[in-house]
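Trainee: The opening position of the sequence shown corresponds to residue 1 in our numbering, with each subsequent residue numbered one higher.
By construction, these hints were calculated from the structure, which means they are not laboratory data. The reader is advised that the hints may include incorrect statements.
Taking lysine to aspartate or glutamate pairs in the EDC-like style, the calculated list, with each CA pair at most 20 Å apart, reads [stated by the list, open to error]:
#: 1; residue 1: Lys-32; residue 2: Asp-76
#: 2; residue 1: Lys-32; residue 2: Glu-44
#: 3; residue 1: Lys-32; residue 2: Asp-89
#: 4; residue 1: Lys-99; residue 2: Glu-73
#: 5; residue 1: Lys-99; residue 2: Asp-89
#: 6; residue 1: Lys-32; residue 2: Asp-91
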Amino acid sequence: MSDDQRLDVPLLQQRLRAFAAARDWGQYHTPKNLVAALSVEASELLEIFQWLTPEQAAAVMEDPARAHRVEDEVADVLAYLLQFCSALDVDPLAALAAKIERNEHRFPAGATPPLDGS
1 MSDDQRLDVP LLQQRLRAFA AARDWGQYHT PKNLVAALSV EASELLEIFQ WLTPEQAAAV
61 MEDPARAHRV EDEVADVLAY LLQFCSALDV DPLAALAAKI ERNEHRFPAG ATPPLDGS
């Protein structure tokens with residue numbers, strides 16, 4: 001399989017569906033369960049950085065063991081996000097593009113960022 005095929009979002013979603021189907025996991029892949037799993041995996045990614053200083057966090061990928069953990073957790077987060085999007089028929093790239101466009105209008109370059117975190 002070429003790199004282009006492995007990086008194609010719909011193909012990755014199909015591979016995730018096939019993986020789950022082969023193990024009869026589809027019954028558990030409801031939107032609620034998938035978003036809960038996504039939250040857990042995002043928390044596991046956060047855990048790697050929890051007590052690091054900003055300098056340590058910036059250098060985390062220099063340690064091969066930590067780099068491997070980061071990559072694994074990023075993969076888990078992305079896998080559950082793609083499965084969640086598949087379950088609800090959301091195009092994740094289209095959703096991201098639309099959100100970026102809305103944010104470009106909401107937060108023009110050079111403007112002061114909002115204090116409420118929105």
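Trainee: Indicate, hint by hint, whether the structure satisfies it.
Mentor: Now for the hints, and whether the structure bears them out:
1. Among the hinted pairs, Lys-32 with Asp-76 is consistent with the structure: their alpha-carbon atoms are about 16 Å apart, no more than 20 Å.
2. Of the pairs offered as hints, the one joining Lys-32 and Glu-44 holds, with about 19 Å between alpha carbons and a cut-off of 20 Å not exceeded.
3. Taken as a hint, the Lys-32 and Asp-89 pair is honoured in the structure, with Cα atoms around 14 Å apart against an allowance of 20 Å.
4. At most 20 Å may separate the alpha-carbon atoms for a hinted pair to count; Lys-99 and Glu-73 exceed this at roughly 24 Å.
5. Using a Cα cut-off of 20 Å, the hinted pair Lys-99 and Asp-89 holds, with the two alpha carbons roughly 17 Å apart.
6. With a CA separation close to 18 Å, the supplied pair Lys-32 and Asp-91 stays within the 20 Å bound.
The earlier numbered hint that this structure contradicts is number 4, and it is the only one.
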